[in-house]
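Visitor: Use these hints to put chains G and S onto chain B, whose structure you have.
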Amino acid sequence: MTITRRTVLGSSLLAGASLIVKQGPAAAAPKVTPISSHVMVPNGSLLPSKVSGGVRIFHLRAEPIKHQLAPGLEITAWGYNGSTPGPVIEATEGERVRIYVTNALPERTSVHWHGVFAPYGMDGVAGLTQAPIEPGKTFRYEFAFDRAGTFMYHPHADEMTQIALGMMGMIVVHPKRAQGERIRDYVLMSHEWKIPIGTSRPDPLAMNDFNVLTFNGKAFPGTAPLLAETGDRIRIRFGNLGPMDHHPIHLHGHTFEMVSTDGGPVPPAARIPETTVLVPVGTTRTVEFTARAPGDWPMHCHMTHHAMNQMGHDSANLIGADVRGLDEKLGRVAPGYMTMGADGMSEMAHMRMEQPKNSISMLGLKGPHGVIEMGGMFTLLKIRDQLADATTDPGWYEPPAGTAATEATAAELARDGIVP
Amino acid sequence: MTITRRTVLGSSLLAGASLIVKQGPAAAAPKVTPISSHVMVPNGSLLPSKVSGGVRIFHLRAEPIKHQLAPGLEITAWGYNGSTPGPVIEATEGERVRIYVTNALPERTSVHWHGVFAPYGMDGVAGLTQAPIEPGKTFRYEFAFDRAGTFMYHPHADEMTQIALGMMGMIVVHPKRAQGERIRDYVLMSHEWKIPIGTSRPDPLAMNDFNVLTFNGKAFPGTAPLLAETGDRIRIRFGNLGPMDHHPIHLHGHTFEMVSTDGGPVPPAARIPETTVLVPVGTTRTVEFTARAPGDWPMHCHMTHHAMNQMGHDSANLIGADVRGLDEKLGRVAPGYMTMGADGMSEMAHMRMEQPKNSISMLGLKGPHGVIEMGGMFTLLKIRDQLADATTDPGWYEPPAGTAATEATAAELARDGIVP
Amino acid sequence: MTITRRTVLGSSLLAGASLIVKQGPAAAAPKVTPISSHVMVPNGSLLPSKVSGGVRIFHLRAEPIKHQLAPGLEITAWGYNGSTPGPVIEATEGERVRIYVTNALPERTSVHWHGVFAPYGMDGVAGLTQAPIEPGKTFRYEFAFDRAGTFMYHPHADEMTQIALGMMGMIVVHPKRAQGERIRDYVLMSHEWKIPIGTSRPDPLAMNDFNVLTFNGKAFPGTAPLLAETGDRIRIRFGNLGPMDHHPIHLHGHTFEMVSTDGGPVPPAARIPETTVLVPVGTTRTVEFTARAPGDWPMHCHMTHHAMNQMGHDSANLIGADVRGLDEKLGRVAPGYMTMGADGMSEMAHMRMEQPKNSISMLGLKGPHGVIEMGGMFTLLKIRDQLADATTDPGWYEPPAGTAATEATAAELARDGIVP
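Protein chains in written order, with the working numbering: chain B, 1 to 420; chain G, 1 to 420; chain S, 1 to 420.
Here chain B stands alone, though its shape is the one from the complex:
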């Protein structure tokens, strides 16, 4: 199957559209502080809300869902309001919220507001601060967001299973006083899945052999790019609810600073320049930086197996071996089998290989100069001097002539005395 960037963008265009509509009521609310600016959620959306009696009202539905991790791989997961991660809850500092949670799952659940100073009884720990929400029931949580920041929500009941199956979401609380800054404010939540090749059910028992890694529920090439104009101030709010890995997120061509955690703002004097931010399990890490130069800059987890898609980790290591005909033979008896090939795996990304049913190849999207041999927790920050709008992919960036790496000419090699 040929994947085009266009098909990928579809989803985020929809998300973008629905986002505006959904926020209509909120924007029209008279009694509460208006949200100064909305965060942008690539491949995702904001949780709709309405305001009544000075309280912002939300409704979360915990439910089994069909979810596409990337074109070609659809799973049965658990999420909120039809998606995983759930829609982003957006509010304003000091705002009082009432959040109804309906349990449409086959087992008990609850919702914990990670990092939020909710009253003890609203902390959402099943058995401890409240009775679990039994299947079919709807609970009411009500509290005020006392501080601005980036937080998360997730079940605190059979946590290991429910988080593994996709139940998590982000919370963004904007400061009361709009700082009037023009900033592109993005939210990216990571997750790691174990999807045995050929199946459509995440394995919640997986501890260390995750094979599909996602940003906002999508694995590359399913990830929608982040967009910005040269010189723009950019904020990215990363969230990680695990299950198990601390992800080092690297951005090409830029340095950034961590400006806040789910605990609060990082004092300017304590900020450190980095090109890779480690996002430990159970934390949010918000970074800020300025778009330095035009380009389609990669941003990805630097753990090499996390920038890949499904692979057969039980496969034999064939580097350097003679495997003529091996694939063909093994394919007959072991459909899930993927050989590394004797010369590395690049070849797999370039041949139009037949994939096992409902699975995605380890590598690849056709880029402007061949196949981009990446997958998983990988996306692009597309910077242009000018963008058409906030949700339309500008396509591929072409650097000015003579500024790209190319094959050296014989004259150059001779001039510099290079013997290949």
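Heads up, none of these hints are tricks.
Straight-line Cα separation of at most 16 Å, EDC-like style, residue types lysine to aspartate or glutamate; simulated pairs:
hint	chain 1	residue 1	chain 2	residue 2
1	S	176	S	146
2	S	50	B	412
3	B	137	G	407
Simulated coverage check for chain S against chain B, where a stretch passes if three residues somewhere in it have a Cβ under 8 Å from a Cβ of chain B:
hint	region
4	120-129
5	243-256
A few chain B residues that don't get close to chain S, going by computed Cβ distances all over 10 Å:
hint	residue
6	55
7	81
8	95
9	106
10	117
11	119
12	135
13	148
14	177
15	185
16	196
17	265
18	394
19	414
Source of the hints: derived by calculation from the structure; they are not laboratory data.
From a predicted model like this one, the values you see are computed outputs, not experimental measurements.
Just so you know, even glycine gets a beta-carbon here, dropped at the ideal spot from N, CA and C.
Guide: Leaving out everything else, chains G and S in the frame of chain B:
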């Protein structure tokens, strides 16, 4: 078996008591700076000491021990003076100490003072700075603690095996000048174990599939709670000697700052607010914060498999499958087998399931509102406006009426236009 | 086989020598800012360069190599210019460089300059910013190093495979204005390998059971020590390109501060004292400190399985069991088998055990006081009041009499009332 909080507390009450008695001599010592205040060690104790000729004298015995990780799970481990982790060594800045180490193990050992500026010859690296301590022998270490701080001790001989089996301990050196601050000063050392279900011997070869996680040698519900009064200043000294995982320790309802590492104090300007502190292998992380509000606030490693107890990671993933009668049938042939169940694992915590001999269920302690579906590296910070004393569990906290999450009434749903 | 420190040092002496020669041309260059001082690369070397027309010219050759991880273990890896990691690229802030890359591998490759602000077209992402470098081709990269710092280079084509096989290197850019400081400036790059016992081919599919860990491509006892004189200022530039683990590097007897990352310098007010620096995947961490006291101070990854060499993680746990004759019997049918022994593994390091062909024992180097039971990512910082020169191992340090841990005498035990 029904686990009650009472049985759990027993151990820590004893520890508390013995702590006072044991410190008698030290407190009575005339020649040395008195220790301003003792640290508190949930589920643990302080290493007794006596002072002679201005030197504080300790005696560590490295030995095989029987140890209860949680009610229902007892193992044969290696530790110091009958426990794992070993008793906390407490001293004062500038104090000269003499530490005798007796090797009652079947193999060579040594003791390294992690983070301490000991003279090179006292650094405790077997084969390098000293001969190994052969079984049956007693070695003498002597040096002065030149700086206040939180450090650790562990063998530097067959390190992988001996640490995996439980040989580690914490060191707290108080500043010479008592700061006169009233602070609740806690010490928590983490560890990760691989205890195959039905066995009683930790597997030192385990690299990434640990199934019992502990704070001070106990897995929830075996962990004694930390106690404080509203407004109290609290210090928690976390230590992690591995073997392999960097643990993200999360506290509900509060933010804190890391104020020191085993390298020294963190300058105030460099402190960052967090709700989760990452404690890398081979480090201590000391955090401080103020008890914000009454409640039984969870504190746990946020890696989901680390807030669980023993589980069969080889089990099949049965989410969504029809497993009627499967448990019963498989149980006959495979005693260790634990099915996830078709609807998640919550059910396991609620039914009084028959456990394999010497093993603990994945989830659970009966709480005030049902079963708390947690285990492993999970404990509670119990804050009350007033406590009876420092070692008596105040029981469960009940939030004021109307401040807890409950099922939404029909009237509420109608008023807010919520369709479950 | 008996390993002596001498054989080990051989390699680094050669590296040291070649280093001087290779830098000859660079030092003689008139048109460019002279490099104030060279970094030192234990077990490694600097990439030779020449200057022409004000541009510093380098040539990297990506190629399969034979590489010795430690005496007794030679593998077939992929690297640059005959080594893994590749030679260190050293330049000066503001300097323009031209780097030719020849692909002598059997598959496509490219080179990404991690942390460097290269023009987009020179960023080295195959398929995205450039066409991949096909086997046999030579590409030209050209850009200016706009900032001083510690960066890295690696392929951005079939990244998972190529990095796992050893393709990576460090980049050091010195500040334009020589700070005239006298500092011992070291570069150490970590890597983790899965080398099934008895084989010579790293397995790129390994995700979490790495069994050979290295600093600059060498596992202890193959690691050359770092040298310094008491009172010297020391800088160590750590780099980690994974594949998967964030390594906590611990130094005995000292504390240090992280002074910069691949993102830039850490402001003095934000620096934190540590004895263990966590080096996440995809980052560089540069620490500085002062040599405190003479000794052979260990520096190692504190994850216990990372300070070990090859081990059979599938072996049964025999701690406490009666294994008389077991080794001998199992050895006949399973050559790769290594028993833990009933009393721990120390014994293995002390007996001159027969190793499987092309493999290294889990533990060990014969030290001044017996076998040092360590391996993997472990080295020594050898501090002396005075050193002969920068590349000659001063041998073992002997602490002054009476300053080392020794067996307690009967008189001492009696005096202090210690009952062993």
